[in-house]
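Student: Sequence:
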Amino acid sequence: MSARERWNERYSQDFRPFPDAPAAWLVAHRDLLTGGGRALDVACGDGRNALYLARHGYAVDAIDASDIAIAALRVAAQERDLAITPRVVDLEREALPPGPYDAIVTMNFLQRDLFGALQDALAPGGLLFYETLAQAHVTQLGHSFNPAYLLDDGELLRAFAGLEVIEHVEGIVERSSGPRGVGAIVARRPSGRR
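In my numbering, the protein residues as written are 4 to 197.
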């Protein structure tokens with residue numbers, strides 16, 4: 004079963020993995036969002052982070068494998084007259100849209116072979132906001148989860164070593180869905196590099 008089929012099946016059952024509010028990690032760093040540029044929301048689902056970025060003045064490319072989720076985001080963006088371009092992209096088979104982007108958001112999604120492409124898609128001075136489940140989700144909280152989709156200790160720091168780290172967190176954090184074991188990073192591409 005492809006990623007598109009898996010996620011469409013979940014969204015067709017009124018699956019809402021997260022509340023309408025944007026990701027706490029993104030909101031916690033809203034002072035970094037200057038707006039007026041391009042942003043990419045990777046694995047956007049029904050678009051809670053894309054909507055937030057667009058309300059902060061970004062023209063947002065929002066991509067997800069689920070055409071059901073993308074259709075819902077398209078309606079939400081049109082109703083709110085927001086600059087969001089929702090696109091169905093199966094990252095297991097397709098590349099990221101071409102950058103450069105002033106902000107890239109990736110939440111609750113892990114595809115390690117995209118780390119380099121995410122870094123390369125950032126404009127000089129561009130920001131990466133990334134958070135997903137880590138080993139602590141299993142080892143400290145006792146949840147069962149496929150280890151292939153859990154960050155290893157220090158993995159984000161190693162993967163994005165070419166960026167300037169603004170903040171990095173590993174461990175248990177409190178989210179609206181309860182405690183989660185995560186790895187998270189906010190990092191900036193150095194201004195002199197392209």
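Simulated from the structure, these hints should not be mistaken for laboratory data. Careful, some of the hints might be misleading.
[Unchecked claim] Pairwise CB distance ranges (calculated):
id, residue 1, residue 2, range
1, Gly181, Arg33, 21 to 27 Å
2, Glu167, Arg83, 18 to 24 Å
3, Val78, His171, 33 to 39 Å
4, Ala24, Gly157, 37 to 43 Å
Nothing here was measured: the structure is a model prediction, and the numbers come from that model. Where is the CB? At the ideal position from N, CA and C, for every residue including glycine.
Student: May I ask which of the numbered hints given earlier this structure violates, with the numbers listed in increasing order?
Tutor: Hints 2 and 4 contradicted; others consistent.
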